[in-house]
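Sequence lines, in order, name chains A and B.
Taking the working numbering, the leading residue of the first sequence gets 1, the next gets one more, and so forth.
Taking the working numbering, the leading residue of the second sequence gets 1, the next gets one more, and so forth.
Wrong hints could be hidden among the right ones.
Straight-line alpha carbon distances no greater than 25 Å define the calculated SDA-like cross-link-like pairs of lysine to any residue that follow [stated by the list, open to error]:
hint : chain 1 : residue 1 : chain 2 : residue 2
1    : B       : K11       : A       : N118
2    : B       : K11       : A       : T227
3    : A       : K124      : A       : L154
Cβ-Cβ distance ranges computed for the label pairs, FRET-style [what the hints assert, rightly or not]:
hint : chain 1 : residue 1 : chain 2 : residue 2 : range
4    : B       : M256      : A       : G123      : 16 to 26 Å
5    : A       : F45       : B       : S10       : 48 to 58 Å
6    : A       : Q202      : B       : L252      : 23 to 33 Å
7    : B       : P166      : A       : D215      : 34 to 44 Å
8    : A       : L93       : B       : L20       : 56 to 66 Å
9    : A       : A112      : B       : T39       : 31 to 41 Å
10   : A       : V214      : B       : A172      : 29 to 39 Å
11   : B       : L128      : A       : V92       : 39 to 49 Å
12   : B       : D137      : A       : Q49       : 21 to 31 Å
13   : A       : R224      : B       : S64       : 23 to 33 Å
14   : A       : Q202      : B       : S10       : 47 to 57 Å
15   : A       : S203      : B       : R174      : 31 to 41 Å
By construction, these hints were calculated from the structure, which means they are not laboratory data.
Think of the CB as a built atom: it goes at the ideal place given N, C-alpha and C, for glycine as much as any other residue.
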Amino acid sequence: MKNTSEFLPRSVVRSGGARRSAASVVSREAWALRLPLLPAFVYVFLVTQIPFVLTVYYSFFSWNLLKEGSFQFAGLDNYATLLTNESIRTAVLNTVILTLFVIAISVVIGLAVAMLLNSEIFGKGLMRTLMIAPFLIMPTAGALIWKDTLLNPLFGLLPYLLTPLGLSRVDWVNQFPMATVVAVEVWRWTPFMMLIILAGLQSQNPEILEAARVDGANALQSFRRITLPLVRPFIELGALLGSLFVVQTYDSIFMLTYGGPGEDTTNIPFLLYLVAFQGYSIGQASAIGVVAVIITIIVATFALRTLFSIFQVEARR
Amino acid sequence: MRTTFWPDRSKVLWSVVGWLVVIAFFFPVLWMWLEGLKTEPQAASSPPTIFFAPTLAEFQEVLSGDFPPYFINSAIASVGSTLLVLVLGLPAAYALSIRPVAKSRDVLFFFISTRFLPFAASLVPLYLLARDLQLLDNIFTLVLIYTTINLPLGVWLLRSFLLEIPHDLFEAARVDGAAFRHEIFRIVVPLIAPGLAATSLICLIFSWNEFFYAVNFTASTAATAPLFLVSFISGRGLFYAKLAAAATLASLPVLMAGWIAQKQLIRGLTMGAVK
Numbered sequence: 001m002k003n004t005s006e007f008l009p010r011s012v013v014r015s016g017g018a019r020r021s022a023a024s025v026v027s028r029e030a031w032a033l034r035l036p037l038l039p040a041f042v043y044v045f046l047v048t049q050i051p052f053v054l055t056v057y058y059s060f061f062s063w064n065l066l067k068e069g070s071f072q073f074a075g076l077d078n079y080a081t082l083l084t085n086e087s088i089r090t091a092v093l094n095t096v097i098l099t100l101f102v103i104a105i106s107v108v109i110g111l112a113v114a115m116l117l118n119s120e121i122f123g124k125g126l127m128r129t130l131m132i133a134p135f136l137i138m139p140t141a142g143a144l145i146w147k148d149t150l151l152n153p154l155f156g157l158l159p160y161l162l163t164p165l166g167l168s169r170v171d172w173v174n175q176f177p178m179a180t181v182v183a184v185e186v187w188r189w190t191p192f193m194m195l196i197i198l199a200g201l202q203s204q205n206p207e208i209l210e211a212a213r214v215d216g217a218n219a220l221q222s223f224r225r226i227t228l229p230l231v232r233p234f235i236e237l238g239a240l241l242g243s244l245f246v247v248q249t250y251d252s253i254f255m256l257t258y259g260g261p262g263e264d265t266t267n268i269p270f271l272l273y274l275v276a277f278q279g280y281s282i283g284q285a286s287a288i289g290v291v292a293v294i295i296t297i298i299v300a301t302f303a304l305r306t307l308f309s310i311f312q313v314e315a316r317r
Numbered sequence: 001m002r003t004t005f006w007p008d009r010s011k012v013l014w015s016v017v018g019w020l021v022v023i024a025f026f027f028p029v030l031w032m033w034l035e036g037l038k039t040e041p042q043a044a045s046s047p048p049t050i051f052f053a054p055t056l057a058e059f060q061e062v063l064s065g066d067f068p069p070y071f072i073n074s075a076i077a078s079v080g081s082t083l084l085v086l087v088l089g090l091p092a093a094y095a096l097s098i099r100p101v102a103k104s105r106d107v108l109f110f111f112i113s114t115r116f117l118p119f120a121a122s123l124v125p126l127y128l129l130a131r132d133l134q135l136l137d138n139i140f141t142l143v144l145i146y147t148t149i150n151l152p153l154g155v156w157l158l159r160s161f162l163l164e165i166p167h168d169l170f171e172a173a174r175v176d177g178a179a180f181r182h183e184i185f186r187i188v189v190p191l192i193a194p195g196l197a198a199t200s201l202i203c204l205i206f207s208w209n210e211f212f213y214a215v216n217f218t219a220s221t222a223a224t225a226p227l228f229l230v231s232f233i234s235g236r237g238l239f240y241a242k243l244a245a246a247a248t249l250a251s252l253p254v255l256m257a258g259w260i261a262q263k264q265l266i267r268g269l270t271m272g273a274v275k
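Please model the entire structure based on the sequences and the hints provided.
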């Protein structure tokens with residue numbers, strides 16, 4: 001054991017000072033460096049990794065909390081159920097649709113707003129302040145306000161304003177549930193994209209655009225050739241972080257549609273909620289957890305590498 | 001140099017376009033405030049009431065009713081977890097930047113991967129553990145869970161601020177024989193005050209607005225502000241004005257903090273990548 005000296009009284013170590021190996025000094029220094037890291041590391045490890053191992057373990061058991069003594073080894077039954085069950089496929093599909101649409105639309109609108117806020121217009125500071133409000137509003141509160149006071153077919157403001165278009169009695173939440181969830185999430189995430197892209201635009205040297213203009217480039221050309229390449233890493237960063245959050249969307253679905261009608265807006269987090277906390281099927285919920293983690297790892301291995309390369313670029317600046 | 005009094009036409013045009021978009025995005029927030037200032041009949045009228053004499057009656061009703069305990073629970077969960085993130089996160093960030101441990105990159109990677117692990121990964125065992133320890137519906141459980149959620153972001157963010165401190169300062173302190181504790185309190189904390197603010201803001205936003213664990217791990221005594229709003233979806237009659245007043249109050253702390261600390265917001269949200 002090369003660390004023996006650490007466990008000996010100081011006097012003993014000191015008396016054998018000449019024989020103290022270089023390795024033990026190095027390792028003691030390494031531990032001194034690690035010490036500040038340990039509390040956070042151990043905490044995160046305990047609260048995330050150990051439970052995941054247990055999730056894998058439970059996924060091989062049939063266990064319903066409402067049935068006494070139902071804890072039984074079930075092999076791969078839970079996974080077989082997932083493969084044959086329509087619900088999980090619907091939930092995966094809904095998750096993908098929700099995430100793709102929310103990210104794509106909020107990036108496009110966010111880019112447009114960021115460009116407006118980066119140009120010479122009146123009241124930019126106030127505009128920026130008002131614009132970030134939807135992101136700061138509690139998602140449960142925002143969803144309720146949309147559902148009950150803006151979209152409600154009887155008392156809502158939007159059906160009233162849309163009366164001239166013949167849309168006065170449209171029940172948006174029930175007739176177009178997924179579109180409604182997407183719209184509310186876009187409302188929430190556009191400010192996030194706007195902030196990140198605006199930071200990118202502001203790092204741009206205005207002289208380059210001016211030079212391009214002098215050289216005869218039109219607005220579209222300078223946008224495509226100069227602005228877009230510059231803000232691309234910022235768009236990637238926003239889309240990546242945004243999608244990691246939007247994949248976990250739960251609050252607005254709970255408040256707006258409760259996953260319905262039917263399973264039309266049930267995504268993976270909401271399905272997990274239904275299975276774990278409405279059905280109390282621990283084994284089944286654990287299997288969903290394992291599958292969700294596998295999917296995330298596949299996506300994230302790619303995504304987090306991209307994230308890291310973006311951070312590396314940032315660090316070199 | 002432009003010498004005419006009137007600004008050029010395109011500036012006016014783009015200002016109008018910009019303001020229309022911004023107002024469209026801000027309108028639901030404004031509408032929430034307005035609805036809260038109405039009476040119940042005004043809030044549930046068809047067609048919607050646009051002009052009305054504002055009243056604070058519904059705000060008073062919410063504040064004098066059963067809302068305050070929810071609000072206090074939210075405050076305990078948010079402030080408690082934010083403090084824990086700072087206490088655990090700052091030393092960790094130090095060990096990943098100022099005097100980096102071996103394999104710092106892997107450790108950073110590990111931290112951030114836990115933030116984006118689906119909650120499905122650890123939900124069931126955590127729930128069972130909390131149940132067996134009689135810690136369901138206990139605000140302390142939410143403090144610990146929110147610490148877990150925010151610690152990875154906190155470590156990354158604090159690290160990005162620590163990397164900006166000139167290395168010479170630490171060399172000088174080390175020559176003076178300063179201990180780790182002194183380095184942290186004499187050098188690090190004063191210099192990264194903006195970093196601590198940004199980290200606190202992000203932790204506050206995520207923990208104050210968190211819903212999934214709040215709804216599934218609490219029932220009544222530890223229920224947080226979002227759960228007060230849930231009571232409105234069951235459709236016990238029409239309480240739109242009260243709902244809007246409650247939604248306004250529940251959103252207020254994060255909205256105010258976000259507006260005050262706008263400059264820190266972007267850096268916090270991107271974990272320090274964008275300044």
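Hints and how they fare:
1. Our distance criterion of 25 Å between C-alpha atoms is met by B/K11 and A/N118, whose separation comes to about 12 Å.
2. For the given pair, B/K11 sits about 20 Å from A/T227 by alpha-carbon distance, which is consistent with the 25 Å threshold.
3. Using a Cα cut-off of 25 Å, the hinted pair A/K124 and A/L154 is violated, with the two alpha carbons roughly 37 Å apart.
4. Restraint check, B/M256 to A/G123: a C-beta distance of roughly 21 Å satisfies the suggested window 16 to 26 Å.
5. The given range of 48 to 58 Å is respected by A/F45 and B/S10, whose C-beta atoms sit roughly 57 Å from each other.
6. A beta carbon spacing of about 29 Å between A/Q202 and B/L252 agrees with the range 23 to 33 Å that was offered as a hint.
7. Hint check: B/P166 to A/D215, Cβ distance near 41 Å, so the stated range 34 to 44 Å holds.
8. Between A/L93 and B/L20 the beta carbon distance is about 35 Å. The supplied range of 56 to 66 Å is therefore violated.
9. Between A/A112 and B/T39 the Cβ separation comes to about 39 Å, which falls inside the hinted range of 31 to 41 Å.
10. Checked against the given bound of 29 to 39 Å, the beta carbons of A/V214 and B/A172, roughly 49 Å apart, lie outside it.
11. Between B/L128 and A/V92 the beta carbon distance is about 26 Å. The supplied range of 39 to 49 Å is therefore violated.
12. At about 26 Å, the beta-carbon gap between B/D137 and A/Q49 stays in the expected band of 21 to 31 Å.
13. In this structure the hint that A/R224 and B/S64 lie 23 to 33 Å apart at CB is violated, the actual value being about 58 Å.
14. For the pair A/Q202 and B/S10, the supplied restraint of 47 to 57 Å is violated, since their beta-carbon distance comes to about 20 Å.
15. Look at A/S203 against B/R174: about 35 Å separates their beta carbons, and that is inside 31 to 41 Å.
Hint violations for this structure: numbers 3, 8, 10, 11, 13, 14, all remaining hints satisfied.
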